[in-house]
Amino acid sequence: MIDKRVTSFEQALAGIEDGSTILVSGFGNAGSPIELLEALVDQGARDLTVVSNNAGEGEFGLAALMRAGRVRKIICSYPITSGSVVVDELHAAGKIELEVAPQGTISERMRAAAAGIGGFYTRTSAGTRLGEGKETREFDGHPHVLERPLKGDVALLRAKTGDRWGNLVYNMTARNFGPTVAMAADLTIAQVDETVDAGELDPEIIVTPGIFVDRVLRVPRRA
Amino acid sequence: MIDKRVTSFEQALAGIEDGSTILVSGFGNAGSPIELLEALVDQGARDLTVVSNNAGEGEFGLAALMRAGRVRKIICSYPITSGSVVVDELHAAGKIELEVAPQGTISERMRAAAAGIGGFYTRTSAGTRLGEGKETREFDGHPHVLERPLKGDVALLRAKTGDRWGNLVYNMTARNFGPTVAMAADLTIAQVDETVDAGELDPEIIVTPGIFVDRVLRVPRRA
Amino acid sequence: MGLDRNQIAWRIAQDIADGSYVNLGIGMPELVADYIPEGREIVFHSENGLLGMGPKPPKDREDHDLMNAGKKPVTLVPGGAYFHHTDSFLMIRGGHLDLCVLGAYQISEAGDLANWATDSDKRLPAVGGAMDLAAGTPRVVAMTTHCARDGTPKLLGECTFPLTAAGVVDRVYTDLAVVDVTPAGFVAREIVDGMTLDELRDRTGARLTAAENPGILKAPALGHAAG
Amino acid sequence: MGLDRNQIAWRIAQDIADGSYVNLGIGMPELVADYIPEGREIVFHSENGLLGMGPKPPKDREDHDLMNAGKKPVTLVPGGAYFHHTDSFLMIRGGHLDLCVLGAYQISEAGDLANWATDSDKRLPAVGGAMDLAAGTPRVVAMTTHCARDGTPKLLGECTFPLTAAGVVDRVYTDLAVVDVTPAGFVAREIVDGMTLDELRDRTGARLTAAENPGILKAPALGHAAG
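Residue numbers (my numbering), protein chains in the order written: chain A, 1 to 223; chain B, 1001 to 1223; chain C, 2001 to 2227; chain D, 3001 to 3227.
Do not take every clue at face value.
Stated by the list, open to error - Capping the alpha-carbon separation at 30 angstroms, the derived lysine-lysine pairs in DSBU-like fashion look like this:
| id | chain 1 | residue 1 | chain 2 | residue 2 |
| --- | --- | --- | --- | --- |
| 1 | D | K3122 | A | K95 |
| 2 | D | K3122 | A | K73 |
| 3 | B | K1073 | C | K2072 |
| 4 | A | K160 | A | K73 |
| 5 | D | K3072 | A | K134 |
| 6 | D | K3059 | D | K3072 |
| 7 | C | K2071 | B | K1095 |
| 8 | C | K2071 | C | K2059 |
| 9 | D | K3072 | A | K73 |
| 10 | D | K3071 | A | K151 |
| 11 | A | K151 | B | K1151 |
| 12 | A | K160 | D | K3059 |
| 13 | D | K3071 | A | K73 |
| 14 | C | K2056 | C | K2218 |
| 15 | B | K1160 | A | K160 |
| 16 | C | K2071 | B | K1160 |
| 17 | D | K3071 | A | K95 |
| 18 | A | K160 | D | K3056 |
| 19 | C | K2056 | C | K2072 |
| 20 | C | K2071 | B | K1151 |
| 21 | B | K1095 | C | K2122 |
| 22 | A | K134 | B | K1134 |
| 23 | A | K160 | D | K3071 |
| 24 | B | K1151 | A | K134 |
| 25 | C | K2071 | B | K1073 |
| 26 | B | K1134 | A | K151 |
| 27 | C | K2056 | B | K1160 |
| 28 | A | K160 | D | K3072 |
| 29 | C | K2122 | B | K1134 |
| 30 | B | K1160 | C | K2072 |
| 31 | B | K1073 | C | K2122 |
| 32 | B | K1160 | C | K2059 |
The set of hints was computed from the structure by calculation and includes no laboratory data. Nothing here was measured: the structure is a model prediction, and the numbers come from that model.
Bound-form chain A, shown alone (with noise of 0.2 angstroms):
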């Protein structure tokens, strides 16, 4: 039988080696797994690479795992939120490697890992900084810049409802990079509101069908 909730924190992280490659949903702190990247601090994993838009705010979730030294480098389109010093401070004393791409393109870099595609030319980023580099292609008449696909070993992720298979939905905005995040992963870890039993959710509305999720954690929304 198909379950694949489980009950712990250790349950849900067991087996993130060192070195991974871990992709993070979450817009700002929408959709952002806090609990579990919390927790990534007691699982003891290091020399991480994050995949996520933004780099954290506070000193909690993303922040907290970087506050802990177990990231390497990130990758984002956007590091600066209000309230985000842990990852100033840390690039500034080197102590972190930042890559910056656009929002679009690591979220099609992504979908590109999950869909096995190999590469795809884009417009964005072509003529500028962010494209220099890049392999350039000219399709109708305007330069494209090859993308690779961006695979996660891990990715971790906040959604609303998970049900026994794994099947995932979300809250409003708060759906943001998981559905992606969750496809493009060797390993895809969801905590969640609440989680029920197979064939509960509506299979008209499911976003994220079950069999790109792992495991399931229920955490309890905080009031």
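Go by the hints and put chains B, C and D onto chain A.
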């Protein structure tokens, strides 16, 4: 005010020109916009290129459009279904051009057109007759072929419910190609079982956001 | 002495692990779903936008908006989900399925698969999702009779029919044997009772070796009801 | 004599046709939503997965799962829809929006846009969705003061700051003028009341011509309430 609902086949199909490329939803008859295709015979556009997974069956829908001599070329993955007599006859008589391509490649090429992707590399068809003549390049130890976007002038599709803004939801596996063709054409026309006002569809369950849809026509579902 | 199609399906079903995501090709492979051992939960994928495909419904519950890749009415099991075609082929091409079971005209010792066109084909060419499934799925097994009706071997040094994908087949289940495709070529894991390795070689169009302790390929007698 | 930021937003809003799909960049462009003329239904897109963005909610109805690209709480209007980030950028990159309004550090006469980094930037580099929006949207307009605070022109022969995208800006709305980017370079369509073309040229770092009958750039006095 935005109101994409139209009330006649004439309004729905107005402006479709000779020589257009028409993307058509449906897998077999499920999700096929049968009535729109038949009304296109009356509309009169000729010399069409049709992109559709199958190539029609019986003498209705797509088969009726082909029988009327309006289709110059069909791009599909699987022209053989029980009762696909019209395509057989026309092809044997040299009256229709047939391009067969892998199902996932047709689908991904339409998505690429929708997503502003200039081209993508896929392992599918590499080293096969259908990959011959295509640029081939190795990524991660495997040959990949370069595929280019497949854009429609027009998309004809069938959905379950459409609202005033053109948002669409589908019914079970009749969803199939609908969401993809909707995104990939300049003019997207949906036939739906029922129309509703904006706000009557739950924003969490909308499958095709109205931005992709130009016209919505209610066509009562046949018993 | 060989297995019938239901028995080949049964044999394949025994090898599918609990919790697997599986695509069954149109035609003979569809039979595999009927023989999954009790207690295993398998999620069947259908290329037309469905995970969690269940058995065919009773006649009076058929709905032509709920069909499988063969365009036959099916059902959805609890936990199933619908999605669109491009997402369905993302799953296929991206290697998210664990296994697909495909019919075959020919399989080469390098694992090349030919299952979409023959040179004598009088029908229109039709590939459907076969190339995507063959190229994208991590484990591809072929389900076929060991020889064509005219006795020609289907396991060959090289395919003569147009390829579906090169170097993708992991295992072949036939009426006569279970044969792995390895870097050293075809290796028989099981041979049907009463047949020698040499007799199997006579029916195989490529070099064939046997595993160290080849098993006996067997399946229970299966009534029509299950098939 | 120039327009204030609310007045520039008002002026931009007058040009947005009923039924348009529009993305407003973070910061000053967000003000445009407040000045859409009565009777026009505009669908606002937010890159984080939202079409049909409405005004900010009252404090007690804020939900941090419903925010805009600037990470501020918003509402959804009837007809709105949620979707994931990759679909959101499919919309952007695929040219499905009609218009985006972006802030700008510099705009070149060839329509190059620089709005994501300056060379003196002490902050971390941060591009967000700016390059996708600039490269993908059929009509890109820039909303900016005509000159930087130190008086340096922002409309230039060539940008000196890192580009967001090359050759994409169609029109620039500033406190002093409405300027089209044409194959013949910058063309002033409207100039603020009391300013001559020569005076505007003094504040512009590239060749500037005027349309045949340039209009007067004006906007009503706008209270704080609306902004």
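Can you list which hints this structure breaks, lowest number first?
5
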